[in-house]
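Asks: Assemble the complex: chain A is given as a structure, and chain B must be docked to it using the hints.
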Amino acid sequence: MGRHNKTLREPQLHFICGKGGVGKSTYACALAKHFTQKKLRTLLVQVNASDSHSAILKTTFIDSTLRQAEPLLWVVNVTPKDSLREYLLLKVPSPQLYRLIFESPLLRSFLKFVPALAELNMLGKIWYHAQEKNEEETRYQRIVIDCPATGHGLRFLSVAKVTYEGIKKGGIAEEALQIASMIADAKRSALHIITLPEEMAVNEALHLMQEVQNSKVIALYMLVINGLSKAIFSQASKEIIEQITASKLLPDFDQLINAAQKRIIQAEAELAQTARMQAVKGDKQFLQLPRLRGNDEAAVTEMMLFNLNAFA
Amino acid sequence: MDFSNALLKKKIVICVGAGGVGKTTMSVAIGFLAASLGKKTLIMTIDPAKRLADALGIHVGGKPVLFEQKLNLEQKWQPKAPLYAMMLDTKMAWRDLVTRLSSSGEVRESIFSNRFYKHLSEEMAGSGEFVACEALYTLASESDFDLIVLDTPPTAQALDFLTAPERVLSFLDRDAFRLFSAQGFSFFAGTQRILMGVIGKFVPGHFLQELIDFLNIFSELYEPLVKRAHSFLHLLKSQETMFSVVVAPRTNAIRESIELVQALFAEKFAVEALIVNQVSPLLFFQWSLLEQREALRSLLFSMVIEPQKRDQLSSALSEMLDEESKMMNEEEKLQSQLQQAVSVPLFLQCPKIRPDLNLSEILQALLPRLSK
Numbered sequence: 001m002g003r004h005n006k007t008l009r010e011p012q013l014h015f016i017c018g019k020g021g022v023g024k025s026t027y028a029c030a031l032a033k034h035f036t037q038k039k040l041r042t043l044l045v046q047v048n049a050s051d052s053h054s055a056i057l058k059t060t061f062i063d064s065t066l067r068q069a070e071p072l073l074w075v076v077n078v079t080p081k082d083s084l085r086e087y088l089l090l091k092v093p094s095p096q097l098y099r100l101i102f103e104s105p106l107l108r109s110f111l112k113f114v115p116a117l118a119e120l121n122m123l124g125k126i127w128y129h130a131q132e133k134n135e136e137e138t139r140y141q142r143i144v145i146d147c148p149a150t151g152h153g154l155r156f157l158s159v160a161k162v163t164y165e166g167i168k169k170g171g172i173a174e175e176a177l178q179i180a181s182m183i184a185d186a187k188r189s190a191l192h193i194i195t196l197p198e199e200m201a202v203n204e205a206l207h208l209m210q211e212v213q214n215s216k217v218i219a220l221y222m223l224v225i226n227g228l229s230k231a232i233f234s235q236a237s238k239e240i241i242e243q244i245t246a247s248k249l250l251p252d253f254d255q256l257i258n259a260a261q262k263r264i265i266q267a268e269a270e271l272a273q274t275a276r277m278q279a280v281k282g283d284k285q286f287l288q289l290p291r292l293r294g295n296d297e298a299a300v301t302e303m304m305l306f307n308l309n310a311f312a
Numbered sequence: 001m002d003f004s005n006a007l008l009k010k011k012i013v014i015c016v017g018a019g020g021v022g023k024t025t026m027s028v029a030i031g032f033l034a035a036s037l038g039k040k041t042l043i044m045t046i047d048p049a050k051r052l053a054d055a056l057g058i059h060v061g062g063k064p065v066l067f068e069q070k071l072n073l074e075q076k077w078q079p080k081a082p083l084y085a086m087m088l089d090t091k092m093a094w095r096d097l098v099t100r101l102s103s104s105g106e107v108r109e110s111i112f113s114n115r116f117y118k119h120l121s122e123e124m125a126g127s128g129e130f131v132a133c134e135a136l137y138t139l140a141s142e143s144d145f146d147l148i149v150l151d152t153p154p155t156a157q158a159l160d161f162l163t164a165p166e167r168v169l170s171f172l173d174r175d176a177f178r179l180f181s182a183q184g185f186s187f188f189a190g191t192q193r194i195l196m197g198v199i200g201k202f203v204p205g206h207f208l209q210e211l212i213d214f215l216n217i218f219s220e221l222y223e224p225l226v227k228r229a230h231s232f233l234h235l236l237k238s239q240e241t242m243f244s245v246v247v248a249p250r251t252n253a254i255r256e257s258i259e260l261v262q263a264l265f266a267e268k269f270a271v272e273a274l275i276v277n278q279v280s281p282l283l284f285f286q287w288s289l290l291e292q293r294e295a296l297r298s299l300l301f302s303m304v305i306e307p308q309k310r311d312q313l314s315s316a317l318s319e320m321l322d323e324e325s326k327m328m329n330e331e332e333k334l335q336s337q338l339q340q341a342v343s344v345p346l347f348l349q350c351p352k353i354r355p356d357l358n359l360s361e362i363l364q365a366l367l368p369r370l371s372k
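Chain order of the listed sequences is A and B.
Position one of the first sequence corresponds to residue 1 (the working numbering), numbered consecutively onward.
Position one of the second sequence corresponds to residue 1 (the working numbering), numbered consecutively onward.
For reference, chain B alone in the conformation it holds in the complex:
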């Protein structure tokens, strides 16, 4: 079983991982791999680097854009089916969701103007992930893509992604609604009144009132929101969805991804691929270091160069090889730690990409690695 085969069986791929591991680039590469296999694919990104966004022809808040550029790639890797990309604006996605679920324009406007809405939609940890899953669910059920690749938002900690729906739902907790809402107030026993008195001492009444107002207006959205959250969680756990954990060979990232994979398994999500990205290029050398050095020496001697410059280059290359091989050893230790800690069906390695490569070059470097 290889990654290409796994992709053929899926409708959704979700890339998760800590920030700075190249998750977005990897999501794009996975999308192109799927298209090269003949799947009509959508790549949903959240916060791509400008170069990548420009290369894909997408901008914030846009709808899916058909990728029509000619790529300088081997025929094997060229898209064989339409490929779309989009950049999700989480703020806008929240607005769309509230608009869709609220009964009247009045309700909608009073939600948008409440400061607690701003907190829910912009600042609360997990709210970006929540609405990304929600947008994914809508697209998956209302469009005819064979595959959607979701690049998850950059989180402080990769685990945030998992707890997002739960966090958002508990933020909109039913009990809290009852406790704070106007109807609920009459049920308050004496102790609760004392507590309200204490809170009221620190926080002025209008602040509390605003919160109660928000809960009251939002309560009509609560049921449909919970229903949708359950539906998308169901979709995320179905056979059609595959999680790919992207990680870089660095101590922190490895530690975090071990926790992440374990947590995903515990929640019964299907982690089918572990992609170690940004691996030292030495790992992909076909020759041993000794052979490299020998070959290097004979190359340099075959060229017409001043001896001084030759020595300079020779020692620089040696230094590079030393440094890279040290790094590779460290990386290999980390990778074996990872493999010992978690068992995932597919283990892939991708090289660190030079920052000046264009989209074709990036894909040419990554696709052969991914389809291994």
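Chain A with its partners taken away, still in its complex shape:
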């Protein structure tokens, strides 16, 4: 019963943010799978990405055509071009006029200058899918969005709010306001920030959290620290290793002992970085995931999913 309640209270939209290379896509796929295992109809969205989800999920290439990958899982790669076409088709009554607009070099130039509009369109498409119904029922109970790793923090998620505040009047401003409200509503949208236990990555995550707090663009839901190495050495073992190092007993062992030392110091540094995140997490959920390495991304995702299920 308790779990069921939690599922009901959980937001529908889950935005995953983080730097490139921290395991963002793997986490997004694992989270989507996690929802499908809870029997929830789930849509997994890539945002104008060079498709990495198909390799992780072992499906065929994922493009801008939304399709069903598994009984409860739908996938799509949202692109500015297709989002804009769909948007214009909704707005412009005549196909001739639409073609005139869409194929005009002026529109292309215009979009180049106002790329925020392209991003707004992509958010608009996500917003559209969030509203979609199928025979009175919400079509997608969960939507997981693998946000672009722009290095510009919340830029993508802020686009709707910034657009509304920038132009205030007109059709686009109204739509932007609706999208911004959906993202800002903690009951509907959740932000997951994922990072690695490394100084630069944690700096960036803390910076992002600060931005979230100041801008109130979206509510922080979950902090994820990924890639923690396993603690192998006990305190007693650490002491012996130090003893060997200090005594310079057998120089031939330098490399082995060095490797062990490296592991110990690595683990300590990871703990220190985890503590930095822990210190600011407040009442948010904090998920710690072990380092998973391997060429088989599907297997890595399975392992991450296992950890995620155990957590939830």
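Derived from the structure by calculation, the hints contain no laboratory data.
Everything numeric in this text was worked out from a predicted model, so none of it was measured.
C-beta: ideal position from N, C-alpha, C; glycine also.
Treat the hints loosely; a few may be bogus.
[As the list claims (entries may be wrong)] Here chain B is said to cover these stretches of chain A; the calculated rule only asks that three of the stretch's residues, wherever they fall, bring their Cβ under 8 Å from a Cβ of chain B:
#: 1; segment: 18-27
#: 2; segment: 229-240
#: 3; segment: 264-275
[To be verified] Counterexamples of contact, computed for chain B against chain A with all Cβ distances above 10 Å:
#: 4; residue: R51
#: 5; residue: H119
#: 6; residue: P224
#: 7; residue: L225
#: 8; residue: F232
[Stated by the list, open to error] No farther apart than 16 Å at their CA atoms in a straight line, the calculated lysine to aspartate or glutamate pairs in the EDC-like style are these:
#: 9; chain 1: A; residue 1: K238; chain 2: B; residue 2: D311
#: 10; chain 1: B; residue 1: K9; chain 2: B; residue 2: E323
#: 11; chain 1: A; residue 1: K216; chain 2: A; residue 2: E165
#: 12; chain 1: B; residue 1: K309; chain 2: A; residue 2: E165
#: 13; chain 1: B; residue 1: K352; chain 2: A; residue 2: E239
#: 14; chain 1: B; residue 1: K309; chain 2: A; residue 2: E199
#: 15; chain 1: B; residue 1: K50; chain 2: A; residue 2: E198
#: 16; chain 1: B; residue 1: K40; chain 2: B; residue 2: E142
#: 17; chain 1: A; residue 1: K168; chain 2: B; residue 2: E210
#: 18; chain 1: B; residue 1: K118; chain 2: B; residue 2: E210
#: 19; chain 1: A; residue 1: K262; chain 2: B; residue 2: D356
#: 20; chain 1: A; residue 1: K230; chain 2: B; residue 2: E319
#: 21; chain 1: B; residue 1: K11; chain 2: B; residue 2: E319
#: 22; chain 1: A; residue 1: K230; chain 2: B; residue 2: E323
#: 23; chain 1: A; residue 1: K262; chain 2: B; residue 2: E323
#: 24; chain 1: A; residue 1: K262; chain 2: B; residue 2: E361
#: 25; chain 1: B; residue 1: K50; chain 2: A; residue 2: E297
#: 26; chain 1: B; residue 1: K9; chain 2: B; residue 2: D146
#: 27; chain 1: A; residue 1: K238; chain 2: B; residue 2: E306
#: 28; chain 1: A; residue 1: K91; chain 2: A; residue 2: E174
#: 29; chain 1: B; residue 1: K333; chain 2: A; residue 2: E297
Replies: Okay, now just chain B, sitting in the frame of chain A:
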């Protein structure tokens, strides 16, 4: 031909690669290697970790700072020529560029206060790379460094670096200027007017007006900017410049760097070194795993330790060796994938650096690997 020899022939080294592969540390190491070979060197970083910035004595937006600290290094690796480092502030670099190119203070101020300038200089993908290349070009032509090492900004995707100049230039596209600018408006045919009507329906007039204003003011900078972009692209493709692609032995990073190297070659940039960084330390062991285990056992038995603690340590070390060797196998597979996919003159491997090492220790670990 080794990396040191290659460095001696160059005036510019550009480190490219995905985020999180240790590009900045590698740029610093390359700079020190060049200085140890007697080249007057400048290391240009964009976003170094605080420890590294402190160790180099640099801060944001600064000018090149002479590195004067004593390093605890073998004589062989000590700098033999002046070594400078700086941290580039891309926002400031854009301001400098606009200031240099604009005809009057009035023009400059109206550019700075326009919201589209903010987009161009801060948010647009590729603008950081563009202005970094531009700053590199200025320094290369106006200073007397023998070598400049450029650490490129962290990009979402390593390929962004390549498309940066093109993106910025197409953002400032001539045709767009004509289409939007006041003079251009009179040429609009009926269809374009309809389109303006449609855009105007969604976006209020003042927004569009601001964009048109921006294009009008910026148009006087367009020619010189394009000229400079062509000059720095020319410099980047010249014999004097070498690209070093830095990569970590992880699935995504390897995949991305294959694409990057192919794209660099396609654009006729000289990729001369592929540096696989953060490699498992096991790879650098001189002994086999079996020998390691044997040696380990005899070491532990030669020490006066409680048997229980000895067993504990022994099994922990075994576990580490197992894990590391598994990792090394994965890494080797990835590295051979990389070598099969692209052929680059120099292939180097550097170990993962412990996070607590100081600058001297980092250099002591990396320089012998780089000069191999």
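Asks: A separate judgement is required for each hint: does it hold in the structure or not?
Replies: Hint check:
1. 18-27: This one holds; 4 residues, not fewer than the three required, reach chain B with a Cβ under 8 Å.
2. 229-240: Check passed, 7 qualifying residues.
3. 264-275: holds (count 3)
4. R51: Non-interface label on R51 (chain B) violated, nearest chain A Cβ at 8 Å vs cutoff 10 Å.
5. H119: Since the minimum Cβ distance to chain A is about 8 Å, H119 (chain B) lies within 10 Å and the statement is violated.
6. P224: Check passes; 20 Å lies beyond 10 Å.
7. L225: Non-interface label stands for L225 (chain B): nearest chain A Cβ at 16 Å, farther than 10 Å.
8. F232: 22 Å, holds
9. A:K238 with B:D311: Cα-Cα ~13 Å, so holds.
10. B:K9 with B:E323: With Cα atoms ~41 Å apart, K9 (chain B) and E323 (chain B) exceed 16 Å; violated.
11. A:K216 with A:E165: 14 Å, holds
12. B:K309 with A:E165: 65 Å, violated
13. B:K352 with A:E239: Violated, because 23 Å separates the two Cα atoms, which is more than 16 Å.
14. B:K309 with A:E199: 33 Å, violated
15. B:K50 with A:E198: 12 Å, holds
16. B:K40 with B:E142: 14 Å, holds
17. A:K168 with B:E210: With Cα atoms ~15 Å apart, K168 (chain A) and E210 (chain B) stay inside 16 Å; holds.
18. B:K118 with B:E210: Answer holds: K118 (chain B) to E210 (chain B) is near 13 Å, not above 16 Å.
19. A:K262 with B:D356: Answer holds: K262 (chain A) to D356 (chain B) is near 9 Å, not above 16 Å.
20. A:K230 with B:E319: 10 Å, holds
21. B:K11 with B:E319: Roughly 47 Å separates the two Cα atoms, so the pair is violated.
22. A:K230 with B:E323: 10 Å, holds
23. A:K262 with B:E323: 14 Å, holds
24. A:K262 with B:E361: 13 Å, holds
25. B:K50 with A:E297: 33 Å, violated
26. B:K9 with B:D146: Satisfied, since the Cα-Cα distance of roughly 10 Å is no more than 16 Å.
27. A:K238 with B:E306: Holds - the C-alpha atoms of E306 (chain B) and K238 (chain A) are around 14 Å apart, at most 16 Å.
28. A:K91 with A:E174: 14 Å, holds
29. B:K333 with A:E297: Roughly 14 Å separates the two Cα atoms, so the pair holds.
When the structure is compared with the earlier hints, violations turn up for hints 4, 5, 10, 12, 13, 14, 21, 25 and for no others.
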